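As given, the protein sequences belong to chains E and S, one line each in that order.
Quick note: the first sequence uses numbering that gives the first Met the number 0, first residue 0, plus one each step.
Quick note: the second sequence uses numbering that gives the first Met the number 0, first residue 0, plus one each step.
Think of the hints as simulated: they come from the structure by calculation, not from any bench.
Source: prediction; values computed, not measured.
One or more hints might be untrue.
Repeated chains share a single entry, so a pair holds when one copy, or any two copies, can fit it.
As the list claims (entries may be wrong) - Mimicking DSBU-like on lysine-lysine, the simulated pairs with C-alpha atoms at most 35 Å apart in a straight line are:
1. 113 with 379
2. 372 with 113
3. 372 with 137
4. 225 with 113
5. 379 with 165
6. 140 with 113
7. 113 with 274
Number of protein chains: 2
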Amino acid sequence: MLDAASFRDIDPGQRVLMGPGPSDVSARVLQAMSAPCIGHLDPYFLSVMDETQQLLRSLFQTQNALTIPVSGTGSAGMETCFVNLVEPGDEVVVCVNGVFGTRMCDIVNRIGGKLTRVDAEWGRTIDPQAVRDAVKGKSPKVLAVVHAETSTGVCQPLEELSAIAKDCGALFLVDMVTSLGGMEVSLDRMGIDAAYSGTQKCISCPPGLSPVSFSEAGINAITNRKTPVVSWYLDMSMVSSYWGAERKYHHTAPINMIYGLREALRIIAEEGLEKRFARHRLNHQALVAGIEAMGLSMLVPETERLPMLNTIRIPDGADDVLVRKALLNGFGIEIGGGLGALAGKVWRVGLMGHAARERNVFLFLSALETILKTQGVAVKAGALEAASAVYSQG
Amino acid sequence: MLDAASFRDIDPGQRVLMGPGPSDVSARVLQAMSAPCIGHLDPYFLSVMDETQQLLRSLFQTQNALTIPVSGTGSAGMETCFVNLVEPGDEVVVCVNGVFGTRMCDIVNRIGGKLTRVDAEWGRTIDPQAVRDAVKGKSPKVLAVVHAETSTGVCQPLEELSAIAKDCGALFLVDMVTSLGGMEVSLDRMGIDAAYSGTQKCISCPPGLSPVSFSEAGINAITNRKTPVVSWYLDMSMVSSYWGAERKYHHTAPINMIYGLREALRIIAEEGLEKRFARHRLNHQALVAGIEAMGLSMLVPETERLPMLNTIRIPDGADDVLVRKALLNGFGIEIGGGLGALAGKVWRVGLMGHAARERNVFLFLSALETILKTQGVAVKAGALEAASAVYSQG
Numbered sequence: 000m001l002d003a004a005s006f007r008d009i010d011p012g013q014r015v016l017m018g019p020g021p022s023d024v025s026a027r028v029l030q031a032m033s034a035p036c037i038g039h040l041d042p043y044f045l046s047v048m049d050e051t052q053q054l055l056r057s058l059f060q061t062q063n064a065l066t067i068p069v070s071g072t073g074s075a076g077m078e079t080c081f082v083n084l085v086e087p088g089d090e091v092v093v094c095v096n097g098v099f100g101t102r103m104c105d106i107v108n109r110i111g112g113k114l115t116r117v118d119a120e121w122g123r124t125i126d127p128q129a130v131r132d133a134v135k136g137k138s139p140k141v142l143a144v145v146h147a148e149t150s151t152g153v154c155q156p157l158e159e160l161s162a163i164a165k166d167c168g169a170l171f172l173v174d175m176v177t178s179l180g181g182m183e184v185s186l187d188r189m190g191i192d193a194a195y196s197g198t199q200k201c202i203s204c205p206p207g208l209s210p211v212s213f214s215e216a217g218i219n220a221i222t223n224r225k226t227p228v229v230s231w232y233l234d235m236s237m238v239s240s241y242w243g244a245e246r247k248y249h250h251t252a253p254i255n256m257i258y259g260l261r262e263a264l265r266i267i268a269e270e271g272l273e274k275r276f277a278r279h280r281l282n283h284q285a286l287v288a289g290i291e292a293m294g295l296s297m298l299v300p301e302t303e304r305l306p307m308l309n310t311i312r313i314p315d316g317a318d319d320v321l322v323r324k325a326l327l328n329g330f331g332i333e334i335g336g337g338l339g340a341l342a343g344k345v346w347r348v349g350l351m352g353h354a355a356r357e358r359n360v361f362l363f364l365s366a367l368e369t370i371l372k373t374q375g376v377a378v379k380a381g382a383l384e385a386a387s388a389v390y391s392q393g
Numbered sequence: 000m001l002d003a004a005s006f007r008d009i010d011p012g013q014r015v016l017m018g019p020g021p022s023d024v025s026a027r028v029l030q031a032m033s034a035p036c037i038g039h040l041d042p043y044f045l046s047v048m049d050e051t052q053q054l055l056r057s058l059f060q061t062q063n064a065l066t067i068p069v070s071g072t073g074s075a076g077m078e079t080c081f082v083n084l085v086e087p088g089d090e091v092v093v094c095v096n097g098v099f100g101t102r103m104c105d106i107v108n109r110i111g112g113k114l115t116r117v118d119a120e121w122g123r124t125i126d127p128q129a130v131r132d133a134v135k136g137k138s139p140k141v142l143a144v145v146h147a148e149t150s151t152g153v154c155q156p157l158e159e160l161s162a163i164a165k166d167c168g169a170l171f172l173v174d175m176v177t178s179l180g181g182m183e184v185s186l187d188r189m190g191i192d193a194a195y196s197g198t199q200k201c202i203s204c205p206p207g208l209s210p211v212s213f214s215e216a217g218i219n220a221i222t223n224r225k226t227p228v229v230s231w232y233l234d235m236s237m238v239s240s241y242w243g244a245e246r247k248y249h250h251t252a253p254i255n256m257i258y259g260l261r262e263a264l265r266i267i268a269e270e271g272l273e274k275r276f277a278r279h280r281l282n283h284q285a286l287v288a289g290i291e292a293m294g295l296s297m298l299v300p301e302t303e304r305l306p307m308l309n310t311i312r313i314p315d316g317a318d319d320v321l322v323r324k325a326l327l328n329g330f331g332i333e334i335g336g337g338l339g340a341l342a343g344k345v346w347r348v349g350l351m352g353h354a355a356r357e358r359n360v361f362l363f364l365s366a367l368e369t370i371l372k373t374q375g376v377a378v379k380a381g382a383l384e385a386a387s388a389v390y391s392q393g
């Protein structure tokens with residue numbers, strides 16, 4: 000028998016979320032999420048949906064009508080883009096330089112797409128020439144790439160890949176889970192046909208929704224399908240009827256999560272995109288300056304680094320798990336370990352959204368220095384001074 | 000350009016949610032959802048996951064190890080059960096007497112199952128003999144039925160269908176979106192192999208999660224698949240590694256939604272299942288007594304009615320939409336209209352979870368009586384007295 004009294008009140012404490020996501024959530028967002036739940040066809044909620052779409056379009060920098068939060072986490076957004084655009088037998092080219100490109104391939108295989116992989120070393124960008132070679136003589140339906148590889152910290156330039164997609168008549172599909180809200184991601188200017196993101200990275204809303212956007216060419220591909228979308232839940236032709244003018248019932252929207260997303264997007268609009276992106280860059284530069292001053296090194300070459308996800312090589316003599324435990328238990332700081340081939344080799348330090356701030360950079364640098372010294376790892380002096388210098392120039 | 004200042008604070012007011020869901024959410028649940036977001040592998044969150052599973056097993060009345068909330072709404076739970084159990088070419092028998100049985104068929108067709116439908120009139124139960132006839136000479140992999148048809152208000156008895164499933168070697172799959180938390184649904188005693196629900200009905204948590212549970216036979220069917228599950232996001236062989244002992248990263252769990260679900264389940268455990276089910280029955284009986292005293296009639300015959308979803312025939316002379324608008328705008332009460340073949344013919348009045356209470360029954364009866372009279376529809380006197388009489392006996 001279950002003893003109801005043995006379950007205590009929710010009390011997660013207050014972490015400093017500097018991992019690969021979720022990131023710290025503003026109290027305003029949490030407050031919005033705790034507003035009374037109302038019906039998913041209530042006139043007030045319909046206005047919340049419209050505003051959320053408006054705010055999302057502004058963040059994606061697009062006029063795309065079909066711009067909505069999918070009722071699932073970032074991976075549901077990935078699946079949404081592929082299952083709607085790809086039919087069995089369609090050729091799909093996927094660029095792979097980390098966990099999330101690998102996941103794209105898994106999905107393409109499950110839904111019967113004809114997959115061509117373009118692989119690059121984990122921790123480096125995809126070479127556009129390799130993509131050009133891969134599509135030669137082919138007419139892929141989709142060319143897919145991850146903008147911000149959360150598993151490695153690599154930032155993929157999109158312009159050249161977009162041009163290659165246009166040249167070979169492919170739809171350009173981009174994973175923006177970690178980049179959206181933390182750096183420039185203009186869908187319209189960059190010629191992106193389908194993009195998805197997550198709420199728990201640079202948007203700083205709890206996980207649970209996945210903003211997606213489809214261009215007119217993307218919508219045409221959905222409209223002209225010969226086979227039904229294999230997922231009923233993620234079928235955009237139906238989901239868009241609920242978010243569009245028809246307001247046709249499909250599934251019950253996650254009301255309170257959408258309250259939270261709207262508030263998080265409102266905070267972004269108040270800050271302004273330029274200022275927000277600059278803030279992410281500045282804090283990233285300060286963190287890197289501190290890390291390098293300590294004598295540690297970054298996995299990714301300087302020109303290929305993401306601002307919001309920093310992969311630090313674990314120095315010789317440091318114990319991956321013990322260091323992360325000491326950060327969490329001693330300082331309340333969450334960072335991420337390496338994934339896949341990078342497990343045990345790197346730490347992933349997020350500076351995302353609400354968490355991308357000076358006080359977190361200083362807290363992390365001083366905590367890491369202290370812990371490494373305690374564990375007998377040689378660390379050079381001057382990390383905080385190096386970070387300070389960046390801020391005073393910034 | 001977007002004007003950030005034009006977006007106001009979230010302020011949905013306070014509705015009385017007596018539609019087909021979402022239902023009223025307790026302030027305790029909203030408060031739990033607004034606790035600080037932490038990492039999805041944080042030791043504290045792992046304990047929240049374990050407790051949520053414990054509480055869910057108690058509510059489903061099962062020992063099933065694989066009992067978790069899927070990271071999507073109830074329809075994602077439906078899709079989860081079918082995509083994991085059904086492979087292309089597998090025979091599936093689906094009972095259809097409303098919108099949600101119809102949806103099951105849609106999903107089976109999309110994933111390449113060989114579908115056999117057993118149809119019944121909308122507003123009536125499925126006749127077990129028709130199911131027996133349909134499976135004769137067949138070896139279906141799955142027999143699927145909706146326990147509580149939210150579109151009609153019909154309660155499907157499960158025992159005989161479960162026996163038929165066992166006889167023909169089929170897995171018994173049951174939609175419990177609207178029944179779970181409001182009436183008896185013992186998975187183990189009823190021999191159910193896969194079940195899914197939603198959080199926004201009788202659990203009284205906001206929408207966004209779908210509790211699912213698989214029996215050992217269900218898990219074996221997943222383990223012995225010859226083809227991969229078509230959905231990466233809903234693939235239980237991977238999702239269960241995150242919820243199980245391995246804690247293997249799959250996708251980022253909707254942290255704050257799970258806080259809310261745990262609190263809603265804790266409230267249910269505190270009340271006790273017997274007491275909770277009795278409360279749903281009593282309020283249902285009072286509502287029906289009042290409705291019938293007014294001279295209106297129920298769609299579903301007495302023995303086939305759900306306690307938590309009441310379908311009332313719209314009386315002659317009443318305007319469906321105008322009445323619902325008057326309820327919402329004058330009294331803050333949300334009820335549902337009819338779906339599909341029942342559009343314009345019935346109102347759907349929910350008495351779910353936190354909303355299944357005396358004050359809502361009285362508010363609704365008095366509001367409806369007032370509105371109908373105002374609109375010139377003949378209504379008999381005595382609704383409140385009839386409801387009162389039920390409570391004083393109850």
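Going down the list of hints, with the structure as the test:
Proximity of residue 113 and residue 379 under a CA criterion of 35 Å is satisfied in neither setting, with 51 Å inside one chain copy and 67 Å between copies. Taking CA atoms no more than 35 Å apart as the test, residue 372 paired with residue 113 passes in neither setting, with 51 Å inside one copy and 64 Å between copies. For the homomeric pair residue 372 and residue 137, neither the shortest alpha-carbon distance inside one copy (55 Å) nor that between copies (70 Å) is at most 35 Å. Taking the shortest alpha-carbon separations for residue 225 and residue 113, both the intra-copy value of 16 Å and the inter-copy value of 20 Å come in at or below 35 Å.
Proximity of residue 379 and residue 165 under a CA criterion of 35 Å is satisfied in neither setting, with 49 Å inside one chain copy and 69 Å between copies. Proximity of residue 140 to residue 113 under the C-alpha cut-off of 35 Å is found in both arrangements, the shortest distances being 10 Å within a copy and 29 Å between copies. With identical chains, the CA atoms of residue 113 and residue 274 are never at most 35 Å apart, being 42 Å at best within one copy and 56 Å at best between copies.
Hints 1, 2, 3, 5 and 7, counting from the list given before, are not met by this structure.
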